[in-house]
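Participant: Sequence:
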Amino acid sequence: MDHIVVIVNASAGLGYCGGWTAALAEKFRAQGVEADITLAKSGAEMIARAERAVAEGAPVVVAGGGDGTINAVASVLAGTPARLGVLPLGTLNHFAKDLNIPLELDDAVANAVHGVAAEVDVGEVNGRIFLNNSSLGIYPDIVRDREAQQRNLGRSKWPAFGWALFAALRRFPFLSVRLKINGEEHLRRTPFVFIGNNEYLQGLTLGARERLDSGKLCLYVAQKPTRLGLLRYAVHALFGRLREARDFDVLSSQELTIETRHQRLRVATDGEVTLMTPPLCYRSRASALNVIVPA
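Here the sequence shown stands for residues 230 to 524, where the numbers follow my numbering.
Treat each hint with caution, since some may be false.
[To be verified] Below 25 Å or equal to it, Euclidean Cα-Cα: the simulated BS3-like pairs (lysine-lysine) are:
(1) K256 - K270
(2) K409 - K326
(3) K445 - K409
(4) K326 - K256
[What the hints assert, rightly or not] What follows is a set of in silico ranges between Cβ atoms, one per label pair, in the way DEER data are often shown:
(5) N355 - A252: 34 to 42 Å
(6) A259 - L416: 56 to 64 Å
(7) D231 - L334: 37 to 45 Å
(8) P523 - A273: 50 to 58 Å
What the hints contain is simulated information worked out from the structure, not anything from laboratory work. All C-beta atoms, glycine included, are put in the ideal place defined by N, C-alpha and C.
Let's have the full structure, built from the sequences with the hints guiding it.
Facilitator: Shown next, in the form of C-alpha cells:
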C-alpha cells in the first residue's frame with residue numbers, strides 16, 4: 230500500500246481531535262493509500278513538515294485547510310516535482326474551486342489519490358508566493374485590524390471584519406503608487422491595488438478564473454472611489470467578487486513593480502498579511518506547481 234503525506238491546519242479551532250484524524254486516515258485507506266497525517270498548529274509547522282516531505286522525496290503532499298494553508302504548503306512544493314493534493318477545509322476555497330477540485334471531503338480525498346497532475350502558475354512578490362491574489366491598501370489594513378480584534382477582544386471573524394471595515398471607511402486611506410508594467414509607468418493615488426495570479430473573469434467576478442496557466446499576472450487598480458465605492462471593493466474583495474470594472478485600470482503582464490514612498494507596506498497574499506519593503510517586485514512563475522485535479 231502506497232504512503233501519502235497529509236498536512237492539516239489544526240490551528241483554526243475546528244475540533245480536529247484524534248478521532249477526526251483516525252477517520253481521515255480511514256478515508257485514505259479506503260482509496261488504497263496509507264496517510265501520514267500531521268495536524269499542524271501553525272504555518273511554520275506546516276512549512277517544516279512540507280519541507281521534510283520534499284527532502285524525503287515524497288511524490289504527493291496533501292494540504293488540508295483554507296487558501297492560506299494551501300498557500301503555505303504550496304510555497305514549499307513550487308519548483309519541485311512533488312504534487313500538491315488539496316482538501317478544501319476553509320471558508321472560501323477559491324483555489325480549489327478554480328481547479329474544480331471537489332469541496333466534499335470524501336471526494337477531495339479520492340481526487341488527491343486518483344486525480345491527475347496539472348501544472349499551474351504561482352504569483353510571487355518579493356520572494357513570497359500567492360496562488361490566488363495579492364493586494365495593497367485597504368484590504369491588508371482590514372485583515373490586520375480584524376485579526377487584532379479576534380485575538381485581543383475575542384470577536385468572531387465576521388463581526389470583527391465589520392468593525393474593521395467601519396474603521397477603515399472612517400480613515401478612508403489612499404496610497405500613492407508608481408506602477409511599472411509592460412515598459413510603462415503609471416502614477417496612481419488609490420485605496421486599493423489588486424494583483425491576480427492569472428486573469429479573473431470579466432466583470433471582475435474575483436474568485437473565478439478560467440485558467441491558471443497563462444503565465445500572466447493581472448493588475449487591477451481602483452481609481453479614487455467614493456466611500457460607498459470603497460465599501461463595495463472591501464466587501465467584494467473579502468468574498469472574492471469585485472463586480473464593478475468601470476473604476477479600475479486592468480493590465481496584465483508576466484511581471485510588474487510597485488513603488489511607493491512608504492518604507493514598509495502591508496501586503497496581503499492569499500489573505501495572509503506581511504510587512505514588506507518596497508519596491509514590490511511581482512512576477513508570474515509559470516507552471517511552477519503540480520496540483521492534483523480531477524481527470
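Participant: Sort out which numbered hints this structure fails and list those numbers smallest first.
Facilitator: Violated: hints 2, 7, 8.
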